[in-house]
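2 protein chains.
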Amino acid sequence: MDPRLVVVGSVAYDSVETPTEKADDVLGGSASHFALASQLLAPTGVVAVVGDDFHPSDLQRLVARGVDVRGLSTLPGKTFRWGGRYDEHLKERTTLFTDLNVFADFRPELPEAYRDAPYLFLANIDPDLQSAVLDQCHNPKWVGLDTMNFWIRGKRESLVKLLPRVHSLFLNDSEAYDLTGHRDVTRAAHAIQKMGTPVIVLKKGEHGSILFVKDQVYVVPALVLPKVKDPTGAGDTYAGGMAGTLARLDDTSPDALRFAAVVGTCMSSMCVESFGPDGACAADLSRLNERLEWYERQVRHPSRRL
Amino acid sequence: MDPRLVVVGSVAYDSVETPTEKADDVLGGSASHFALASQLLAPTGVVAVVGDDFHPSDLQRLVARGVDVRGLSTLPGKTFRWGGRYDEHLKERTTLFTDLNVFADFRPELPEAYRDAPYLFLANIDPDLQSAVLDQCHNPKWVGLDTMNFWIRGKRESLVKLLPRVHSLFLNDSEAYDLTGHRDVTRAAHAIQKMGTPVIVLKKGEHGSILFVKDQVYVVPALVLPKVKDPTGAGDTYAGGMAGTLARLDDTSPDALRFAAVVGTCMSSMCVESFGPDGACAADLSRLNERLEWYERQVRHPSRRL
Chain A
1 MDPRLVVVGS VAYDSVETPT EKADDVLGGS ASHFALASQL LAPTGVVAVV
51 GDDFHPSDLQ RLVARGVDVR GLSTLPGKTF RWGGRYDEHL KERTTLFTDL
101 NVFADFRPEL PEAYRDAPYL FLANIDPDLQ SAVLDQCHNP KWVGLDTMNF
151 WIRGKRESLV KLLPRVHSLF LNDSEAYDLT GHRDVTRAAH AIQKMGTPVI
201 VLKKGEHGSI LFVKDQVYVV PALVLPKVKD PTGAGDTYAG GMAGTLARLD
251 DTSPDALRFA AVVGTCMSSM CVESFGPDGA CAADLSRLNE RLEWYERQVR
301 HPSRRL
Chain B
1 MDPRLVVVGS VAYDSVETPT EKADDVLGGS ASHFALASQL LAPTGVVAVV
51 GDDFHPSDLQ RLVARGVDVR GLSTLPGKTF RWGGRYDEHL KERTTLFTDL
101 NVFADFRPEL PEAYRDAPYL FLANIDPDLQ SAVLDQCHNP KWVGLDTMNF
151 WIRGKRESLV KLLPRVHSLF LNDSEAYDLT GHRDVTRAAH AIQKMGTPVI
201 VLKKGEHGSI LFVKDQVYVV PALVLPKVKD PTGAGDTYAG GMAGTLARLD
251 DTSPDALRFA AVVGTCMSSM CVESFGPDGA CAADLSRLNE RLEWYERQVR
301 HPSRRL
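Those sequence lines, one after another, are chains A and B.
Quick note, the first sequence lines up with residues 1 to 306 if you use the numbering used here.
Quick note, the second sequence lines up with residues 1 to 306 if you use the numbering used here.
Just so you know, the hints here were simulated from the structure itself, not pulled from any lab data.
A quick note: this is a predicted structure, and the numbers were derived from the prediction, not measured.
Every residue gets a Cβ at the ideal spot worked out from N, C-alpha and C, and that includes glycine.
Do not take every clue at face value.
So these bits of chain A aren't anywhere near chain B, every CB distance computed over 12 angstroms [what the hints assert, rightly or not]:
no.: 1; residue: S158
no.: 2; residue: G244
no.: 3; residue: T245
Mimicking DSSO-like on lysine-lysine, the simulated pairs with C-alpha atoms at most 27 angstroms apart in a straight line are [claimed, not checked]:
no.: 4; chain 1: A; residue 1: K194; chain 2: B; residue 2: K229
no.: 5; chain 1: B; residue 1: K91; chain 2: B; residue 2: K227
no.: 6; chain 1: A; residue 1: K229; chain 2: A; residue 2: K214
no.: 7; chain 1: A; residue 1: K214; chain 2: B; residue 2: K194
no.: 8; chain 1: A; residue 1: K204; chain 2: B; residue 2: K229
no.: 9; chain 1: B; residue 1: K227; chain 2: A; residue 2: K227
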């Protein structure tokens with residue numbers, strides 16, 4: 001079966017230190033976290049590159065989940081590595097190192113079977129590569145884009161050119177500020193909409209997210225969890241849950257976007273409760289529906305007037 | 001008519017600088033903001049002190065709103081003054097000065113007509129004074145308490161003694177940390193519940209609030225507003241809207257607390273859109289119900305499963 005949803009991004013080995021755990025070479029990267037979440041909802045193909053040191057057992061994690069890895073190429077050299085350390089309260093993260101390795105020469109090439117996928121997610125990589133991937137696709141119905149300050153500052157022109165070709169832009173408040181000069185998220189979102197992207201997904205970490213869909217605003221708070229273990233990958237897991245839901249429903253209406261954001265939120269809540277990608281891997285539809293019920297108990301307010 | 005809700009706190013003159021406005025001697029203080037909000041919902045009596053420089057026009061603002069000011073005493077000297085400046089994005093606030101003036105000798109004395117009020121809010125003042133007020137009341141049905149790091153550090157023992165006498169404690173994450181040593185808000189809330197207060201209202205500013213009601217968690221996000229002018233008094237307005245709703249419904253059940261927190265959130269959204277207390281003063285039930293509808297459009301999610 002050809003994928004309904006394609007993600008291009010990184011497959012990486014992370015070295016993560018939290019107050020309670022420390023591990024090297026944990027399967028990570030934006031495309032891994034995204035696909036392990038989205039595959040539960042819609043057949044997902046990954047476009048990424050790994051080095052010849054990539055463990056068969058990690059490939060097996062993706063394959064066992066059902067992820068289509070035909071777009072995962074192997075190059076001689078080492079897999080992309082990232083290292084980070086969280087503070088004792090899991091609030092602040094320090095990047096210890098970023099070794100691009102084989103990712104430095106990544107030129108994404110989509111398998112023929114991926115090019116008709118109606119849903120496409122361009123995870124946080126060089127906007128020129130994101131553009132090259134989009135060029136290879138045959139008129140996808142929905143395109144999501146993630147980015148970061150590094151590209152907003154360093155490749156602004158390429159990024160701005162992409163915006164009118166994108167349906168939903170995922171970013172946080174500091175990225176929105178770098179892109180628009182507005183600290184106020186409402187003004188920033190409207191400025192980006194004027195640049196051509198109709199849906200802005202403002203990510204607020206532990207506080208949740210806000211969707212700006214044309215002139216509507218939807219607030220999607222995060223679940224309050226009794227215990228968070230490792231926030232790594234939460235944003236990509238959220239995006240994977242959201243895009244996977246849109247692809248599953250084949251619906252990009254405001255109501256579908258809103259429900260998809262809640263699913264993404266629930267999916268990322270499972271991600272952060274475990275170390276590395278174990279949380280997303282353990283998610284099944286029954287557990288996800290339990291989270292949706294939990295979400296309703298926490299967030300659904302009585303419809304009353306005074 | 002005797003008040004159903006009594007608030008003890010400060011009535012002050014604020015000097016506020018925002019990026020767009022600057023004014024001295026604006027009517028402020030916790031009890032003012034609280035009462036201007038709560039009076040819309042339930043007859044409210046204020047216990048506070050002002051100096052002999054307090055303008056009749058400011059007294060008139062409270063009286064015109066319907067607030068019972070029999071508990072507002074005047075002492076020779078100057079009214080409590082506070083000065084603060086917001087950064088250009090209204091995210092950070094610097095306190096420029098705090099002049100207690102007549103507030104330094106405040107010994108709250110409740111009018112007889114206030115002592116049977118079933119709802120009582122002890123705004124952020126010395127815990128010993130909060131305790132003295134509570135002692136003068138005849139078994140109130142609901143007691144809310146606000147505090148700050150200054151008292152948690154400086155009068156910890158007095159504050160801790162109060163906790164089992166209080167129904168709902170209002171505080172932010174840094175105050176919860178100071179009180180319990182836990183950065184994680186869930187752990188902090190449960191620790192405070194063990195200290196004797198069953199309901200914890202965790203205030204998160206622009207991100208909203210979280211209610212911990214026994215073993216339940218309710219997430220109450222803030223409205224996303226197109227324009228914020230002055231955040232001063234938002235927390236007290238929220239508490240006033242919440243306590244006023246409980247008193248109006250005469251209901252402290254989990255559902256009532258949840259609805260009351262949404263009303264408080266809507267009320268504080270009106271507060272921050274205007275400079276000083278103008279927003280709360282302009283609120284009427286019809287505008288408040290419009291906010292509740294707006295809140296539902298932003299926050300209410302479709303009840304769906306996968």
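Status of the hints after comparison with the structure:
No Cβ of chain B comes within 12 angstroms of the Cβ of S158 of chain A; the nearest lies about 28 angstroms off, and the non-interface call holds. The Cβ of G244 of chain A sits about 10 angstroms from the closest Cβ of chain B, inside the 12 angstroms cut-off, so the non-interface label is violated. The claim that T245 of chain A is not at the interface with chain B is violated, since a C-beta of that chain comes within 12 angstroms of its own (minimum 7 angstroms). Under the criterion of a C-alpha separation no larger than 27 angstroms, the hint pairing K194 of chain A with K229 of chain B is consistent with the structure, at around 24 angstroms.
For the hint pairing K91 of chain B with K227 of chain B, the CA-to-CA distance comes to about 13 angstroms; that is within 27 angstroms, so the pair holds. A C-alpha spacing of about 36 angstroms is found between K229 of chain A and K214 of chain A, which places the hinted pair above 27 angstroms, so the restraint is violated. About 46 angstroms separates the Cα atoms of K214 of chain A and K194 of chain B, which puts this hinted pair outside 27 angstroms; it is violated. For the proposed pair K204 of chain A and K229 of chain B, the alpha carbon gap of about 22 angstroms is at most 27 angstroms, so the pair holds.
Distance hint between K227 of chain B and K227 of chain A is unfulfilled; the C-alpha atoms sit about 35 angstroms from each other, more than 27 angstroms.
Checked against the numbered hints given earlier, the structure breaks hints 2, 3, 6, 7, 9 and satisfies all the rest.
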